[in-house]
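Make a model of the complete structure from these sequences and hints.
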Amino acid sequence: MATAAGVFTNTVFGFILTFAYTALWEQRDGLGGYGLSQALTYVWVGQALLMAMATMGGGFQDELIERIRSGDIAVDLFRPADLQLWWLAHDLGRAAFHLLGRGVVPLLVGGAVFDLAFPGGPLPWAAFLLSVLLGVVVSYAIRFLVVLSAFWLLDGQGVVQISALVAMFFSGMLLPLTVFPGLLGEVARMLPWASMLQVPADVFLGKYGGWELAGAYGFQAGWALALLAAGRVLQSVAVRRVVVQGG
Amino acid sequence: MWVRSTMVYRTSFLLTALGNFATTALDFVAILLMFSHVEALGGFGFAEVALLYGTSATAFGLAHLLLGGMDGLGARVRRGSLDGMLVRPVPLLAQVAADGFKLRRIGRLAQGLLVLGWSLAVLEAEWTPLTVLMVPVAVVSGAAIFGALLVAGGSFQFWAQDAAEVQNSFTYGGTTLLQYPPTVFARELVAGTVFVVPLAFVNWLPVLFVLGRDDPLGLPGWVDFLSPLVAVVCWVPAGLVWRAGLGSYRSAGS
Numbered sequence: 001m002a003t004a005a006g007v008f009t010n011t012v013f014g015f016i017l018t019f020a021y022t023a024l025w026e027q028r029d030g031l032g033g034y035g036l037s038q039a040l041t042y043v044w045v046g047q048a049l050l051m052a053m054a055t056m057g058g059g060f061q062d063e064l065i066e067r068i069r070s071g072d073i074a075v076d077l078f079r080p081a082d083l084q085l086w087w088l089a090h091d092l093g094r095a096a097f098h099l100l101g102r103g104v105v106p107l108l109v110g111g112a113v114f115d116l117a118f119p120g121g122p123l124p125w126a127a128f129l130l131s132v133l134l135g136v137v138v139s140y141a142i143r144f145l146v147v148l149s150a151f152w153l154l155d156g157q158g159v160v161q162i163s164a165l166v167a168m169f170f171s172g173m174l175l176p177l178t179v180f181p182g183l184l185g186e187v188a189r190m191l192p193w194a195s196m197l198q199v200p201a202d203v204f205l206g207k208y209g210g211w212e213l214a215g216a217y218g219f220q221a222g223w224a225l226a227l228l229a230a231g232r233v234l235q236s237v238a239v240r241r242v243v244v245q246g247g
Numbered sequence: 001m002w003v004r005s006t007m008v009y010r011t012s013f014l015l016t017a018l019g020n021f022a023t024t025a026l027d028f029v030a031i032l033l034m035f036s037h038v039e040a041l042g043g044f045g046f047a048e049v050a051l052l053y054g055t056s057a058t059a060f061g062l063a064h065l066l067l068g069g070m071d072g073l074g075a076r077v078r079r080g081s082l083d084g085m086l087v088r089p090v091p092l093l094a095q096v097a098a099d100g101f102k103l104r105r106i107g108r109l110a111q112g113l114l115v116l117g118w119s120l121a122v123l124e125a126e127w128t129p130l131t132v133l134m135v136p137v138a139v140v141s142g143a144a145i146f147g148a149l150l151v152a153g154g155s156f157q158f159w160a161q162d163a164a165e166v167q168n169s170f171t172y173g174g175t176t177l178l179q180y181p182p183t184v185f186a187r188e189l190v191a192g193t194v195f196v197v198p199l200a201f202v203n204w205l206p207v208l209f210v211l212g213r214d215d216p217l218g219l220p221g222w223v224d225f226l227s228p229l230v231a232v233v234c235w236v237p238a239g240l241v242w243r244a245g246l247g248s249y250r251s252a253g254s
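One line per chain: the protein sequences are P and A, in this order.
Counted from 1, the first sequence has number 3 at position 3 by this note's numbering; the numbering is strictly sequential.
Counted from 1, the second sequence has number 183 at position 183 by this note's numbering; the numbering is strictly sequential.
Since the hints were derived computationally from the structure, they do not count as laboratory data.
Wrong hints could be hidden among the right ones.
As the list claims (entries may be wrong) - Sample of chain A residues facing chain P (criterion: CB under 7 Å; computed from the structure):
| no. | residue |
| --- | --- |
| 1 | G19 |
| 2 | L33 |
| 3 | H37 |
| 4 | P91 |
| 5 | L92 |
| 6 | N168 |
| 7 | F185 |
To be verified - Among chain P residues calculated to face chain A with C-beta under 7 Å, some are:
| no. | residue |
| --- | --- |
| 8 | V12 |
| 9 | A112 |
| 10 | L174 |
| 11 | G218 |
| 12 | A238 |
To be verified - Calculated Cβ distances over 12 Å to all of chain A for the following chain P residues:
| no. | residue |
| --- | --- |
| 13 | T3 |
| 14 | A4 |
| 15 | A23 |
| 16 | G32 |
| 17 | R79 |
| 18 | R94 |
| 19 | L99 |
| 20 | L129 |
| 21 | P176 |
| 22 | G182 |
| 23 | G185 |
| 24 | A226 |
| 25 | V233 |
| 26 | L234 |
Glycine included, each C-beta is placed from N, C-alpha and C at the ideal position.
Shown next as structure tokens:
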């Protein structure tokens, strides 16, 4: 039921953005390097990926923050499984569920109503899925860092929310990063959040050929590794100063 | 009590209030970025779109501040924890609305007001007493229309239990829709906001009057003034759905 409701919401937002983008691209065809059909495809890919990428936060975050706040985290830290990898596995499963449950239908609806530029053949689809996978890892690594802040703040809601905002904006969910003007655009395209929509959407649209594709993957994988490493360091600092609440 | 409990984690409150402010502000930034490429969107200039944005965001911010607690109704129905409220001698609707009252929602309202104020300051419209009056009337009626939607959507949780997202597509989706000029959208969609879910009365019709423009449907002029009436009428089905939902409530048996 909740999934059906979510699909409905993604579809509604897909329609609203489609009309707004149409008004924009009819005046400025080729804006951001996209034709109208490509721009609309971008909208629907974005709606399809929103939940899988957990762009607005969610997934393991609330549960782990609650465990930190309540002190249950102490039990987790004694477990033989690595905290970061444990939750990564958890989050990959969640992403796969959302990709199927909330990704497929909006894309089909969008494709049925509007003229979208779908990739032809299985190879481009596979290329897209690999990029989505890397994007999910980057998203996870960022959210893990956010959760760790709860060791210091105890109530993590504020940071979670700010991080969701930054992700919405800099992933290109509101407007493609290629449309961002000047320096803002250049910076936005280099930040890790670009891995969460801009890069996978461009792979979907076939913007990368040959080595460029490898470069795109490299960009995502590079950020994934850097952020996971940062999470690792912050975790060890947090654990050393952890004060488990009584009880 | 809800306010005091929020203030225990002061840093987090400030961050979430700021977050609420910035959530909607970034929507506006996205529109701003669109206008860095074009002069007009659907024939509307930036100040005009800002007026649409400001009225829509303020109306929804107001409704959300007062009735945002409806979001949590599904969880209470699932857990059966509505029982505790039913025995209190206060109208249930008031209790649910105030449930988990979140002062941080003021951030959303503040942002809407800011854009609204700015757009009114820079807009080149011919102000008459009637158009001046139209803006606050639209905002208050709009808040009431969104409020009715929140109550109707919330009541739906009595049956659906976990479908708050459907409600979101009308409320959050509605505010996003109303931030763009009606000329951008297909006629059928605009007709839907007039005759089915009366979102057009939140800001499209009154603001078109203020701007001295015709609506894309070519409705008679007096329709622009109907917002307060529509708001009142909206509360009738909302109230009926609420009563019907409450009537079907069975506790969780725990």
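Comparing the hints with the structure gives:
no.	hint	verdict
1	G19	4 Å, holds
2	L33	6 Å, holds
3	H37	5 Å, holds
4	P91	28 Å, violated
5	L92	24 Å, violated
6	N168	5 Å, holds
7	F185	5 Å, holds
8	V12	4 Å, holds
9	A112	15 Å, violated
10	L174	4 Å, holds
11	G218	28 Å, violated
12	A238	17 Å, violated
13	T3	9 Å, violated
14	A4	8 Å, violated
15	A23	4 Å, violated
16	G32	9 Å, violated
17	R79	28 Å, holds
18	R94	17 Å, holds
19	L99	17 Å, holds
20	L129	26 Å, holds
21	P176	10 Å, violated
22	G182	9 Å, violated
23	G185	9 Å, violated
24	A226	25 Å, holds
25	V233	23 Å, holds
26	L234	18 Å, holds
Hint violations for this structure: numbers 4, 5, 9, 11, 12, 13, 14, 15, 16, 21, 22, 23, all remaining hints satisfied.
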